[in-house]
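Please put together the full structure from these sequences, using the hints given.
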Amino acid sequence: MTAANNAGKRGRARRKTSKKKRAVNMKRFIPVMALMLALGAAGGFFLARYLEKRTYPLTYVQEIKTAAAEFGLDAYLVMAVVHTESGGDAAAVSAAGAIGLMQIMPATGEWIAAKLGLPEYTEASLADPGANTRLGCWYLAYLLDKYGDTRTALAAYNAGPGNVDKWLSDEKLSPSGALEEIPFDETA
Numbered sequence: 062m063t064a065a066n067n068a069g070k071r072g073r074a075r076r077k078t079s080k081k082k083r084a085v086n087m088k089r090f091i092p093v094m095a096l097m098l099a100l101g102a103a104g105g106f107f108l109a110r111y112l113e114k115r116t117y118p119l120t121y122v123q124e125i126k127t128a129a130a131e132f133g134l135d136a137y138l139v140m141a142v143v144h145t146e147s148g149g150d151a152a153a154v155s156a157a158g159a160i161g162l163m164q165i166m167p168a169t170g171e172w173i174a175a176k177l178g179l180p181e182y183t184e185a186s187l188a189d190p191g192a193n194t195r196l197g198c199w200y201l202a203y204l205l206d207k208y209g210d211t212r213t214a215l216a217a218y219n220a221g222p223g224n225v226d227k228w229l230s231d232e233k234l235s236p237s238g239a240l241e242e243i244p245f246d247e248t249a
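For the sequence shown, my numbering gives the first residue as 62, with consecutive numbering after it.
Treat the hints as calculated values from the structure; they're not laboratory data. Just so it is clear, CB atoms sit at the ideal spot from N, CA and C, and this is done for glycine as well. Worth double-checking, as some hints may not be accurate.
To be verified - Across the chosen pairs, the derived CB separations fall in these ranges: (1) Ala130 <-> Met97: 38 to 46 Å; (2) Asn224 <-> Gly148: 18 to 26 Å; (3) Leu98 <-> Glu232: 52 to 60 Å.
In C-alpha cells, the structure reads:
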C-alpha cells in the first residue's frame, strides 16, 4: 500500500504543480494577449488611416482651410468638392475647360475676381491652389446663399446656376419647389 499511497501523493503533487504552472502561465498570458490585442487594434487603426489617405488623399489642406474660413464654409465640404471636382489635382483641366482644384471655368473665375475686387486675376491664377480655392470658396458661399441649401448649391456649382434655375422652374424636376431630380448624371 505504501507504493500506492506514494503514487497517489505524487499524482496529487503533480496536479498541484500543474495548477500552479497554469496560474503562472495565465498571469503571463493575459498581459501578452492584451499587448497583442492593443498592437492589433493600433495596427488596424493605422492601416485604415493609410488606406483612407490613399483612397481619399487630402491635398492643399491649409489652402482649403484658409479659404473656407474666409467665406464661412465648412472646410470638409470644400475638401469634398475638391475631391469630386479634381481629385486634388491642382493642374487638372476638364474637357469643358474648367481649371484647378475646384474646377473653375475661366469666365466664372474672371466674374468672381471682379466681385472680389482682384485686378491681378488672370486665367493662370486658376492653376494656383491658393487662388483657386479662394475663388472656389467665394463662389460656393455665393451659391449657398443664393439657393439656401447645400444640395442645390452643389448642383449649381457643378452644372451651373443657369441649369439649376431651369430645373427649379420645371415641375417634373421640382414639383415641391425644391430640386428633387437632377437630370445630369455627372451632377446627380
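The hints, checked one at a time:
Between Ala130 and Met97 the C-beta distance comes to about 43 Å, which sits within the given range of 38 to 46 Å. Taken as a hint, the range 18 to 26 Å holds for the pair Asn224 and Gly148, whose Cβ atoms sit roughly 23 Å apart. The hinted window of 52 to 60 Å between Leu98 and Glu232 holds, with their beta carbons roughly 59 Å apart.
Of the numbered hints given earlier, the model fails none.
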